[in-house]
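Asker: For reference, the chains in residue letters:
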Amino acid sequence: MGMGVDIRNQMARRASEEIQNGMVVNLGIGIPSLVPNHLSKETKVMFHAENGITGMGPSPNKGEEDENLCNAGGFPVTLTCGGSYTDSAIAFGMIRRGKVDITILGSLQVSQNGDLANWIVPGKKVPGMGGAMELAQKAKKVIVVMNHSDKNGSPKIVPVCTLPLTSSKCVDLIITEMAVFKVTEDGLLLTELFAPYCLENVVTKTGCEFNISENIRRIPY
Amino acid sequence: MGMGVDIRNQMARRASEEIQNGMVVNLGIGIPSLVPNHLSKETKVMFHAENGITGMGPSPNKGEEDENLCNAGGFPVTLTCGGSYTDSAIAFGMIRRGKVDITILGSLQVSQNGDLANWIVPGKKVPGMGGAMELAQKAKKVIVVMNHSDKNGSPKIVPVCTLPLTSSKCVDLIITEMAVFKVTEDGLLLTELFAPYCLENVVTKTGCEFNISENIRRIPY
Amino acid sequence: MDNPFGKITALENVMELFHDGMTLMFGGFGGVGSPPTLIDGILEKGVTNLTLIGNDTGFPTIGIGKLVKAERAKKVIASHIGSNPFAGQQMHEGKLEVEFSPQGILAERIRAGGVGLPAILSDIGMDNAIVAKNKPLFTLNGKNYLVETALTAEVSIVFAKKADEYGNLIYDKSARNTNPLVAMAGDITIAEVEEIVPLGSLATDEIITPGVFVNYVIPSKGVNWKWAWE
Amino acid sequence: MDNPFGKITALENVMELFHDGMTLMFGGFGGVGSPPTLIDGILEKGVTNLTLIGNDTGFPTIGIGKLVKAERAKKVIASHIGSNPFAGQQMHEGKLEVEFSPQGILAERIRAGGVGLPAILSDIGMDNAIVAKNKPLFTLNGKNYLVETALTAEVSIVFAKKADEYGNLIYDKSARNTNPLVAMAGDITIAEVEEIVPLGSLATDEIITPGVFVNYVIPSKGVNWKWAWE
Numbered sequence: 001m002g003m004g005v006d007i008r009n010q011m012a013r014r015a016s017e018e019i020q021n022g023m024v025v026n027l028g029i030g031i032p033s034l035v036p037n038h039l040s041k042e043t044k045v046m047f048h049a050e051n052g053i054t055g056m057g058p059s060p061n062k063g064e065e066d067e068n069l070c071n072a073g074g075f076p077v078t079l080t081c082g083g084s085y086t087d088s089a090i091a092f093g094m095i096r097r098g099k100v101d102i103t104i105l106g107s108l109q110v111s112q113n114g115d116l117a118n119w120i121v122p123g124k125k126v127p128g129m130g131g132a133m134e135l136a137q138k139a140k141k142v143i144v145v146m147n148h149s150d151k152n153g154s155p156k157i158v159p160v161c162t163l164p165l166t167s168s169k170c171v172d173l174i175i176t177e178m179a180v181f182k183v184t185e186d187g188l189l190l191t192e193l194f195a196p197y198c199l200e201n202v203v204t205k206t207g208c209e210f211n212i213s214e215n216i217r218r219i220p221y
Numbered sequence: 222m223g224m225g226v227d228i229r230n231q232m233a234r235r236a237s238e239e240i241q242n243g244m245v246v247n248l249g250i251g252i253p254s255l256v257p258n259h260l261s262k263e264t265k266v267m268f269h270a271e272n273g274i275t276g277m278g279p280s281p282n283k284g285e286e287d288e289n290l291c292n293a294g295g296f297p298v299t300l301t302c303g304g305s306y307t308d309s310a311i312a313f314g315m316i317r318r319g320k321v322d323i324t325i326l327g328s329l330q331v332s333q334n335g336d337l338a339n340w341i342v343p344g345k346k347v348p349g350m351g352g353a354m355e356l357a358q359k360a361k362k363v364i365v366v367m368n369h370s371d372k373n374g375s376p377k378i379v380p381v382c383t384l385p386l387t388s389s390k391c392v393d394l395i396i397t398e399m400a401v402f403k404v405t406e407d408g409l410l411l412t413e414l415f416a417p418y419c420l421e422n423v424v425t426k427t428g429c430e431f432n433i434s435e436n437i438r439r440i441p442y
Numbered sequence: 443m444d445n446p447f448g449k450i451t452a453l454e455n456v457m458e459l460f461h462d463g464m465t466l467m468f469g470g471f472g473g474v475g476s477p478p479t480l481i482d483g484i485l486e487k488g489v490t491n492l493t494l495i496g497n498d499t500g501f502p503t504i505g506i507g508k509l510v511k512a513e514r515a516k517k518v519i520a521s522h523i524g525s526n527p528f529a530g531q532q533m534h535e536g537k538l539e540v541e542f543s544p545q546g547i548l549a550e551r552i553r554a555g556g557v558g559l560p561a562i563l564s565d566i567g568m569d570n571a572i573v574a575k576n577k578p579l580f581t582l583n584g585k586n587y588l589v590e591t592a593l594t595a596e597v598s599i600v601f602a603k604k605a606d607e608y609g610n611l612i613y614d615k616s617a618r619n620t621n622p623l624v625a626m627a628g629d630i631t632i633a634e635v636e637e638i639v640p641l642g643s644l645a646t647d648e649i650i651t652p653g654v655f656v657n658y659v660i661p662s663k664g665v666n667w668k669w670a671w672e
Numbered sequence: 673m674d675n676p677f678g679k680i681t682a683l684e685n686v687m688e689l690f691h692d693g694m695t696l697m698f699g700g701f702g703g704v705g706s707p708p709t710l711i712d713g714i715l716e717k718g719v720t721n722l723t724l725i726g727n728d729t730g731f732p733t734i735g736i737g738k739l740v741k742a743e744r745a746k747k748v749i750a751s752h753i754g755s756n757p758f759a760g761q762q763m764h765e766g767k768l769e770v771e772f773s774p775q776g777i778l779a780e781r782i783r784a785g786g787v788g789l790p791a792i793l794s795d796i797g798m799d800n801a802i803v804a805k806n807k808p809l810f811t812l813n814g815k816n817y818l819v820e821t822a823l824t825a826e827v828s829i830v831f832a833k834k835a836d837e838y839g840n841l842i843y844d845k846s847a848r849n850t851n852p853l854v855a856m857a858g859d860i861t862i863a864e865v866e867e868i869v870p871l872g873s874l875a876t877d878e879i880i881t882p883g884v885f886v887n888y889v890i891p892s893k894g895v896n897w898k899w900a901w902e
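Residue numbers (the numbering used here), protein chains in the order written: chain E, 1 to 221; chain Y, 222 to 442; chain U, 443 to 672; chain W, 673 to 902.
Don't read these hints as lab results, they were simulated from the structure.
Watch out, some of these pointers could steer you wrong.
What the hints assert, rightly or not - Incomplete in silico selection of chain U near chain W, CB under 10 Å: (1) M457; (2) K537; (3) E550; (4) I562; (5) S564; (6) T581; (7) L582; (8) N583; (9) V589; (10) Y613; (11) D647; (12) K663.
Note that this is a predicted model, so its numbers are computed, not measured.
All C-beta atoms in this analysis are idealised placements derived from N, C-alpha and C, irrespective of residue type, glycine included.
Model the full structure from these sequences, guided by the hints.
Answerer: Okay, here's the thing in structure tokens:
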């Protein structure tokens, strides 16, 4: 979407701060897949995949791919020490039972009360929900990492989602290239700004009102 | 119940005739457990146990018991070549999916329309149903092997069960020390007599009316 | 190789099980763990009007996607069709009916069919019109749930690493995915396997699908498609 | 032994999780596969008024039967109590409430709790007054089914052959039985294991219970009862 690798990594790095030792984390495709690169070696995390991998590791080197060891998108991965395989039913059992601590995913829209719309564009793109509904509804913490605006320049953070919902009131944290918002009982709370953006930039590009933290953290480029 | 080993084995041998190559068979405790002794070595059968064994083999020799390889009653068994272990949920999945070809079990009463009562004697014995309900309801063929009379001399084959049912209209074949009955649309059909019993003996000891096969098979002692 | 249970056979001997208008369930996730030889057999036989049940529609040249691309399906029950543009195109043209089910609930519906349960209750996608469409509700302890019905199929096709002569199966890494569930849900289940081994060769604690659920075992000719990442 | 996930611990460190009046789920089938060290710990601590959920009540001196014999349970949800006469006696005396569930449906209710489903539908024991008691009915395609609710517990205790440092578990032969189901159904799950091995020691395709479901692992002191057949 025209964003440079650095900006994408900046967002991924910020998402990685949410991950603590021992957590079970599910990553969506795109920017979320960059998150592991920003974790310290000391942080033991089990990355979870919908197809039945617990403990997914980084992509293999070229030529070392195993066609029977792929992520939910069908692309080769590796297994970390302590990882294991289950069938897909148990993989989702982990999600519904509340064992997935964090899911980090992209979205088309997020509303000010945390509604998530990321599975369908009526009449255009109907990929299907895959595992997004279970993850959005049942992961302990739902983090959306996405561009602040869509390709037409329209805000993706909106008062009410115009696209069909994946799940309502499920998002906990929104990370864009400009800012970080917490979803609270009182709506969105801006807590962080990425350099070089200022508050006015964010207000302009955001489709809904939001509260502003007393102590905004400014994250340098 | 005072029956000699030979009579018990005679009943078990008759039950074994129902078993064909490749079948999955669940055996209850008591006389049904003698059935494998009467199968030819050529007949490949997978004996199924509710605790998750497929391919249960005979009891081990004294001193060779494995406390972690026991049947559903908690007594040591062995595993046949090609056997495997599952959790109990999958063991019952096999039953409900219709993969168990035959269940051979004892009973307290059987009615003339094939109702089975073998799990509870109100006010006296309340062991619980265990897996009997699933087996009675879902095995492709339900064979009851039991004494013709209870310890008071009362018939166990009755017009209507007076004890609480395990499952209704589920029994296909009844084997006692005196005779063999098929359960048909028109009630019970006597098909076989064990020596030395004659038809009159069976009529006297049976609590309900029954039809008589045109070709009664007489099984010598 | 002995064949005491008569389960080991060749592709041509199971082809009569596939017919126009049938319900066919397939293992695999993004094509990984889908049986290539069986899918090619079905494609070559020309079987059509299929109702396909499985996690997703693969890629156009990978997994079940080949059958979808060739317009052999009239209906698909899946959680995702995004990696196979032909599925979406046929859906928009009215040629293909698609029933979307949330991925984990789809897996549980297949499992329920496999273990002989009629339905499960679920709160996933409750307030989503597409998921909830035509599904009965049930109120338990004051909360509404969807009644999600079990799925079975006339024939299930799965892909496994090894089978023994009883049809006991083990799978390779993430190619396990939906296969153990699909293996239970077929009225008849055919396993395509990379290797057939004698009875007793598989470690008994490691068998994932007991042969009880497997009717036929055929040897795989191997994956004959190029993976999306290749 | 490293302990990177902090799951490996000693019996005394998990004892605070057991308290009067709690719901406790246990693995095992006729005592086989029940965790002896944890059961003894609970017995010695004097925890009482338990609601026990598991396949059966074991034998008086075997498995969970010890707790039943010592009158530590106020309620049992099980499929069978016949091998422990104390259970039947306490039931008749009104000291013990027993909820009977058909064995396979009990297993599925525990699994449903373990995988976060609220209930399943079942036709097992439909026309049986004891099974159907207080259970809602649901009509699907003109047929009646029982709504069988999921079971979970504050704590699940299971017995396994080996655990690694993440709590990945493998079981030994038929001692697997209900353990993988019970392991998923506890809000907190404690695995008592015969052997603790380093991360990476278990073959990844053979792990039955992923450590995701296991909070604590304690070493077993071994079976300390005499089996019924000994």
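Asker: Quick check: which numbered hints come out false for this structure?
Answerer: 1, 2 and 12
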